[in-house]
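Engineer: One letter stands for each residue in the lines below.
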Amino acid sequence: MRKFCLSKGLFGCMLGIQLVCYLPARSEGNFAYTGPRAGERVGDPSIPLGPITGTITDNNGKPLPGVSVTIRGAKKGVTTDATGSFTVNAKNGDILVISMIGFKTKEIPVGTQTALTIGLEPFSAEMTEVVVTALGIKKQARSLGYSTTEVAGSELTQSRELNIGDALTGQVAGVSVAGLATGPYGSSRVTIRGNSSISQNNQPLYVIDGVPFDNSNQGYAGQWGGTDLGDGLSNINPDDIESIQVLKGVAASALYGYRGGNGAILITTKSGAKNKGVGVEVNNNLTANRVIDYRDYQYQYGQGALGVKPANQAAALQSPYYSWGAPVDGSPAVNFLGDTYNYSPYKKNFENFYKTGITNQGSIALSGSNDKGHFRLGISDLYMGAVIPNSNMKQQIINFNSTYNVLKNLQVTLTANYIFEDVKNRANYSDAPGNVIASSLYLANTFDIRWMKNNRLNPDGTELLPGADQYFENPYYLAYNYQNTTSRNRLTGALSLKYNILDWLYIQGQIQRDGYVFDVFQVTPSGVEYTRADGVHGGNLTQYEDNFREINGSFMIGANKKFGDHFSFNANAGGNEQDDVTQYYGVGAVPNSGNGPAGPFQIAGFYSANNISTKPFGINYSHLRVNSLYGSADLGFNNYLFLSGTTRTDWFTTLNYNTDNHTYPSVSASFVFTDAFKLPWWVSFGKIRASYAGGSTGDQTAYQNILTYGLQGYTVSGQPVGYVAGQGIIPNAKLEPVKIAEKEAGANLQFLNNRAGIDIAYYDKQTTKDLVQVTASPTSGYNSAVKNIGMISNKGVEVLLTATPVKTRDFSWDVSFNFAQNNSKVLYVGGDSTITVGGAFPRWGSEVAIQDIVGRAYDQIVGYGYVTDSKGQRVFKNGEPVQTTNVIPFGSSIYKQTGGFSNTFTYKAFSLQVLFDFKYGAKIYSGTNLLLDFYGLQKNTLAGRGADGNGKIVAKGDDIGGGPNTTAVGIQQYWQDISAGGADHIAQEFIYDASFIKLRSAHLTYSLPAKTFQGTPIKGINVSVVARNLWTVMKHTPNIDPESNLNNTNGQGLELSGYPALRSYGVNVNVKF
Amino acid sequence: MNNKLRLTAFAGILLLGSCKKDFVSINTDPNHITAANINYGYLFTNAQLIASGNSDANGYEDWRNNLIYSACMIQHLSSTTGYWDGDKYLYNASYNSAYWDDNYNNSITNIVEVVTHTRADSVAQSNFYNIARIFRVFMFQRMTDMYGDCPYSQAGLGFISGITQPKYDKQQDIYTNMLSELADAASKLDPSKPNTVGASDLLYAGDPTQWKKFAYSEMVRLAMRMSKVDAASAQKWVQAAVTGGVMTGNADNAIVVHQNVSGTPVPNGDGLILIGNDPNAYRLSLTFVNYLKGTGDPRLSYLGTVCKDPTVTTDMGDTTFAHQLGQPNGYDVPGSKTAYDLANAPNWPGSQNAYSVVNRYTFSRLTAPTFFVTYGETELLLAEAAQRGWVTASTAATYYTNGVTAAMAQLAAQAGAGPSTAAITAYMTANPYNPASALVQINTQYWVASFMDENESFANWRRSGYPTLTPVNYPGNVTNGTVPRRFTYPQGEASTNSANYSAAVSDLNNGDKMTSRVWWDVQ
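For the protein sequence lines, the chains are P and X, in the order given. Just so you know, the working numbering puts the end of the first sequence at 1073, numbered straight through with nothing missing. Just so you know, the working numbering puts the end of the second sequence at 1596, numbered straight through with nothing missing.
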């Protein structure tokens, strides 16, 4: 059998053996004893009942009083006395169940002995747990000199967030997940311990089963609108995840070298190791999504301008978005179709436009193991219907994880994750045109959005617009006639061989691959007014393929040895070659090609590149390689004092390769003082730790160090026209990686038999040599230069408090509270006092930008403010506020304090978990509220409208000439001047405190009692009801969700017409066979 | 076991040894042109094209500097359009800096690349190298004439030398260096060496003989620009130029021929604005039309036309000499009811469309040529030099006659349409050279000859003081009712190049203002 399998190759072999050879093993025991192994003779039931005595001690041999001792199946039990002794009547073959809070439950089969001495192991993760650290090296948790946090896979499956990044919200101290208003197929932005770089990636490295997992954003909306094309994290099925290990600090991820400066998130997928024989697990999750309507508009004055309601179709066409009309009184008015309607408040545009999005995710997993190895094959299917009509995502994921001992000392591990993902009609947001969300936000408050539903086409097939503004479009036309489709095929996997040369020495080789093909097809239909330059032909198209692959080849030699009774020693040394190729090609607005969309279409309504006469082809290729060597050594003394050191050196093709010394060292120490000293009984466990490490958030942009040239897409007198390429950035041949150094110290304490615990960390992270795009005088021939000169500091604390306030036989209440504070400070940006962060420019509101300003926290929102006088009064000129002479910073858009508060209540087979999360200390610039002021929908535009709707406001403050302001200004003009760009714009008006507290998730799980399915192949059934984003307990942003950032770039803090926030309710059923 | 360990060590060493293998080839972009395969001729094409004033397919530099400002300030054109600030000496910072903004990090980067990369090659690229040096002088002559002190020796070297904040060279130093560059480069042009630039040179297809004439004609321009501030040098250099050999006919004119390709910078920037982007914003100036009419200049019918509606681009208008009418400078739109309502101007013809616009057979065309340096201009400058006694190869009268005749003849030959030879002869007979009013006559003719090369026209007017213009004094003007003397620096320089910018501003007699004078513009 095995011979046959081997000839079919490794993969077939493992699958074949496991499926065919292991099937009969299924009838073996379902649980493992701590005591004698299965198959050993444990007793003779014929021996009668008799008294058994015993003593129960802890690890150190100290007697434990109050331990519960019962016989499995019996209703009553006994507890140990002050000397840790007990007596119980039992017969041969019975199983004693010995349990106590804070200790692992032990089951002891009764044999022939009548006096037992039983040691209980404390139930503390820190005391015994083995965790995965950088490069997949497993270590004792107690030995770690830095902070890590593990999130169980069940936390993710229960939260039902498609994007793993979003699912981490509120779960881990110091991990901040930025909320983005980009919808369910959008990206996430996860940062750990602040932002280390102005220009480079600030998100952690994701590693799935040891394979670095690309999480690049495929495209985002900027100043002029656009789409979030998603990132990589939605390509993992939460049901396949066993656990997530968050390596927060540089020391924890130092072995990842230039990729580890932002921490790392290690994802371990489920394996079949726990299932003897073959098991099947089926999971299905059905979720309904609804839009959370945060709108709180004024409904006293309706559509129109200057207090006049539309009396005819022409007037209606002029003002579809203006709620500056007359007082709403139910009288007849005329809409944009020329129909007469009642001039009454219309509040249901959200409800009528958005539908309930139904998501169903089903997965099935097959797993099994024997003493030679184990495997798990998971297949999942996801359908996600968006709340926006005619938009959905379909995703299938196949995940395979297998380990097999081919020879006694040779272990083969194969992991693979294959995904197929198709998204239909990703939403456009941020600025119009193409924004499907804008209409329901800004339509006048007496305008029924459904008027457009069956009126989206003119008789000639072109778009029927609700008004004269051709850039604000019909949302139904956007939903049904625009196309924005993406598909992705992705394979992530690794094959590794591990050979144990000696029992303390191994060598391992690994090939890893992550790669995808991402196809984008975007159509602006031919009937879109502003694209029809000649009045006839219009529309445009972008179609391209983004091909990415990363291959890592690595080796590792490891030794693990004990010297005498006191010393242990671990060492690893290895190397890695990373090789990345990215290629984009296609027609139209291919990223980085400089092209715009291709158009117009020759034949209306036929959307193919073949229907366009001139279509620019774009191609963009990038290849980079990083070679690395690394090693680590750990020394342990008495299993309570640990010293660890690592080093890694990286060589880059993308940077100056004449320098060799990009070396990242780390040292860390851990001391479990509760094992070294005798402490009061209520101190169960105590450890202090400290570390220092160097890392980087290196640059992975190829070809930044050489000058390149381009040829224009036109000729003059037949002559090609050349130019210096590179968008005005001076190439830098001496680029180095960004340097990050971090000091960290912390403690982990457990009290009262582990009923309460605290984990605290303090860190001080300094970035130097940050790659900063420094402005150059254009007379240099360029606009900027990339230089290694930026400096940033991030310091903070992280606290995790855990407690079990109540624990009885049937009921327990577990509390977990995490809190983090990060103080960032920009120290140097290369001589300038400010630097504008790329990728973040609001369309609306002139001069508003996200800047990094020396001496201030990361990401300041800057813009023009109100001028105030010595009395603190706002200053007005001609009745309108005076704008500050220069732009001023309004505060950081990065939250200073973040955290979560989780309560888990378990009653018998029921479990209820409720998670609150909160963030404090950030600002947001709300482009939506700006437009709501401009359009007269914001409630603050009510004051002064008067009886006819065309009143005047005398704003409170002082006149520029002295004395109080007495000048009255038309209310519509007043707000439109403040909100429109230019000399009257007051950005300060639209800056809000983005702090919030939310009830993020709640889920109730019921595990059906085992007896329900006795005699069936079913081993377990769980049913849970889940809900997310149930309640916004506190926020300060009217009309919008405070977590509404436009995109996941480093420039955070801007919001405009984003995807609405969603609330979801779902049912999850999990069946194990 | 030992073998296993050895194998392990070997694997490690292999990886170590190959740590930087292939790094250069991996870090070479297969889709971008690099120094290994660029044809620098293509960059030279770009430099010439952009220097003609249309870097972005919208004619923005021409629109703002050449037309809105220079053309109106020297009263070739007149405008009642609000943003045509030059008509009334109003201030717009970005219009002032338009030419600077759009050339330094574009055409100048390109020419610096060309000069740098052709320098090393001693034979094959020698002619190309020297041609590029000559053209670079022309580009900086225009820049410094407009702004004064400016980055020159360190300009465009952001990549080559890592200079991100170039110093501002003194205009005098720039002139000194430009003149020696011209002399040196012209002397090294050698028809026996290969022509490696060829058709990429839009002016002369790389012909070294033509470039030599261009260099010496440009030398005349530079020399005469110094006539007030350094007469001795002016005399020395104008003599050197005549000895070297200047242009000898209109066939030597330096011209960029444009095409009608929408959406590219290929069309003529002036033409694009005059017929395409802003056809109704301007009229010919009363000062200009009156002068042409007063002398019976036959060019008037080829420089002006009266359209019923200038926005109708197919309306070629009425080019009849007698029907041409100039609009006075300094007025608001007719019917605006302001104190400066054009309808209240003397001799108001009842409709603004009675005033002439730029002729649509010649300069108001997308395919109109751009004249960089002409034979006619050169002869006129030599006429002044002869009049001053600085050159004696010909008489001032001969130079003058050659200059005016050529300036008229080039319209028919090169600009699309122009007066007949008979008309030119008749004009010369009626308006002979008059030594008594030589400088007025010569420089007024230069003013007509440089029509549409407005920045050049503005420079020669500042130097010579002729013709006498009719300054306007409109409320809000920034020159106290005097014709501006220069353009201001880009506002961005104050932050991106602050030390050098501040030093340059402190050297200006009146700060970074339109009323400050550049070095050669002494009172």
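Calculated from the structure, these hints are not laboratory results. Check the hints yourself; a few may be wrong.
Claimed, not checked - Below, in silico cross-link-like pairs of lysine-lysine (DSS-like), each with a Cα-Cα straight-line distance of 30 angstroms or less:
{"no.": "1", "chain 1": "P", "residue 1": "Lys743", "chain 2": "P", "residue 2": "Lys138"}
{"no.": "2", "chain 1": "P", "residue 1": "Lys769", "chain 2": "X", "residue 2": "Lys1586"}
{"no.": "3", "chain 1": "X", "residue 1": "Lys1093", "chain 2": "P", "residue 2": "Lys734"}
{"no.": "4", "chain 1": "P", "residue 1": "Lys1072", "chain 2": "P", "residue 2": "Lys908"}
{"no.": "5", "chain 1": "X", "residue 1": "Lys1240", "chain 2": "P", "residue 2": "Lys734"}
{"no.": "6", "chain 1": "P", "residue 1": "Lys795", "chain 2": "P", "residue 2": "Lys939"}
{"no.": "7", "chain 1": "P", "residue 1": "Lys877", "chain 2": "X", "residue 2": "Lys1586"}
{"no.": "8", "chain 1": "X", "residue 1": "Lys1586", "chain 2": "P", "residue 2": "Lys734"}
{"no.": "9", "chain 1": "P", "residue 1": "Lys498", "chain 2": "X", "residue 2": "Lys1240"}
{"no.": "10", "chain 1": "P", "residue 1": "Lys139", "chain 2": "P", "residue 2": "Lys734"}
{"no.": "11", "chain 1": "X", "residue 1": "Lys1093", "chain 2": "P", "residue 2": "Lys769"}
What the hints assert, rightly or not - Chain X is faced by these chain P residues, among others (derived, beta-carbon under 8 angstroms):
{"no.": "12", "residue": "Pro63"}
{"no.": "13", "residue": "Ile619"}
{"no.": "14", "residue": "Thr653"}
{"no.": "15", "residue": "Thr701"}
{"no.": "16", "residue": "Ala702"}
{"no.": "17", "residue": "Tyr703"}
{"no.": "18", "residue": "Leu707"}
{"no.": "19", "residue": "Tyr714"}
{"no.": "20", "residue": "Tyr723"}
{"no.": "21", "residue": "Val724"}
{"no.": "22", "residue": "Ser777"}
{"no.": "23", "residue": "Ala983"}
Here a beta-carbon is modelled for each residue, glycine too, at the ideal position from N, C-alpha and C.
Engineer: Each hint needs a verdict: does it hold in this structure or not?
Structural biologist: Status of the hints after comparison with the structure:
no., hint, result
1, P:Lys743 x P:Lys138, "holds (23 angstroms)"
2, P:Lys769 x X:Lys1586, "violated (40 angstroms)"
3, X:Lys1093 x P:Lys734, "holds (16 angstroms)"
4, P:Lys1072 x P:Lys908, "holds (20 angstroms)"
5, X:Lys1240 x P:Lys734, "holds (24 angstroms)"
6, P:Lys795 x P:Lys939, "violated (40 angstroms)"
7, P:Lys877 x X:Lys1586, "holds (29 angstroms)"
8, X:Lys1586 x P:Lys734, "violated (40 angstroms)"
9, P:Lys498 x X:Lys1240, "violated (62 angstroms)"
10, P:Lys139 x P:Lys734, "violated (38 angstroms)"
11, X:Lys1093 x P:Lys769, "holds (23 angstroms)"
12, Pro63, "violated (48 angstroms)"
13, Ile619, "holds (5 angstroms)"
14, Thr653, "holds (4 angstroms)"
15, Thr701, "violated (11 angstroms)"
16, Ala702, "holds (6 angstroms)"
17, Tyr703, "holds (4 angstroms)"
18, Leu707, "holds (5 angstroms)"
19, Tyr714, "holds (4 angstroms)"
20, Tyr723, "holds (5 angstroms)"
21, Val724, "holds (5 angstroms)"
22, Ser777, "holds (4 angstroms)"
23, Ala983, "violated (14 angstroms)"
Of the numbered hints given earlier, the model fails hints 2, 6, 8, 9, 10, 12, 15 and 23; all others are met.
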